[in-house]
Amino acid sequence: DTAVSQTPKYLVTQMGNDKSIKCEQNLGHDTMYWYKQDSKKFLKIMFSYNNKELIINETVPNRFSPKSPDKAHLNLHINSLELGDSAVYFCASSQGWTTDTQYFGPGTRLTVL
Amino acid sequence: AQTVTQSQPEMSVQEAETVTLSCTYDTSESDYYLFWYKQPPSRQMILVIRQEAYKQQNATENRFSVNFQKAAKSFSLKISDSQLGDAAMYFCAYRYSGGGADGLTFGKGTHLIIQP
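If you're matching them up, the sequences are chains A and B in order.
Residue numbers for the first sequence follow the numbering used here, beginning at 47 and rising by one.
Residue numbers for the second sequence follow the numbering used here, beginning at 11 and rising by one.
Chain A on its own, in the form it takes in the complex:
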């Protein structure tokens, strides 16, 4: 009964390709997030989203776009992949904007060759 799941767990691709990472939560939460963990293990918020609002961290290139088909899913699409996009991407969810606790998925390790 995984609370927040991501697929795939590992993704290896060539520069210039377009790829997607899927995220699903079964917690009934209405707010979801994407974080990026770089090679030095530093975690940084990329997007915060609920059914009313998408908030994008200003440092995220517009090649990255979240798409939510419904409340339980927030997928991450990445166009024209670059070497610097190699990282671990985490999806997380919480109940509402102001709820403190976020629950994380297992992460997706993206390697761009």
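What the hints contain is simulated information worked out from the structure, not anything from laboratory work.
Positions of the beta carbon are idealized from the N, C-alpha and C atoms, including for glycine.
A hint or two may mislead.
[As the list claims (entries may be wrong)] Below, computed lysine-lysine pairings styled on DSSO-like, alpha-carbon distance capped at 27 Å:
#1 A:K87 / B:K118
#2 B:K118 / A:K55
#3 B:K88 / A:K86
#4 A:K87 / A:K55
#5 A:K90 / B:K83
#6 A:K87 / B:K88
#7 A:K113 / A:K55
#8 A:K113 / A:K87
#9 A:K90 / B:K80
#10 A:K86 / B:K83
#11 A:K90 / B:K118
[Said to hold, decoys possible] Partial chain A-side listing against chain B, Cβ under 10 Å, derived:
#12 K55
#13 K87
#14 F88
#15 L89
#16 K90
#17 I91
#18 I101
#19 T147
#20 F150
#21 P152
#22 R155
[Stated by the list, open to error] Each pair of labels, with its calculated beta carbon distance range:
#23 A:L129 / B:S22: 30 to 38 Å
#24 B:S84 / A:G62: 42 to 50 Å
#25 A:N97 / B:Q24: 44 to 52 Å
#26 A:S51 / B:Q93: 24 to 32 Å
Given chain A, put chain B in place with the hints provided.
For chain B alone, kept in the frame of chain A given last:
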């Protein structure tokens, strides 16, 4: 903007001993949450403990406890009776209670090694 600083990139402790991981933060807000997350080699981010800034009482979860000093903006994690399974990266994180755009702000992490 808020920042979170973990000044110890790596700590090592003998099994069964106690270790304290340091965290300081900077914010202009008065109402917020603080967290410690554990990331073992499996990569999963696991919530260890949370603290609400308006509560003076330090949070405790079994062998894990915090020393929250609001005026000093300090939030250290104490692990008692260290076990081999405690070996992991530990991240201190902050979140403004108003929620929204910023999500969690993380420190750079402390790598905890448990010596058998």
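What are the numbers of the hints the structure violates, in ascending order? The structure conflicts with no hint, since it agrees with every one listed earlier.
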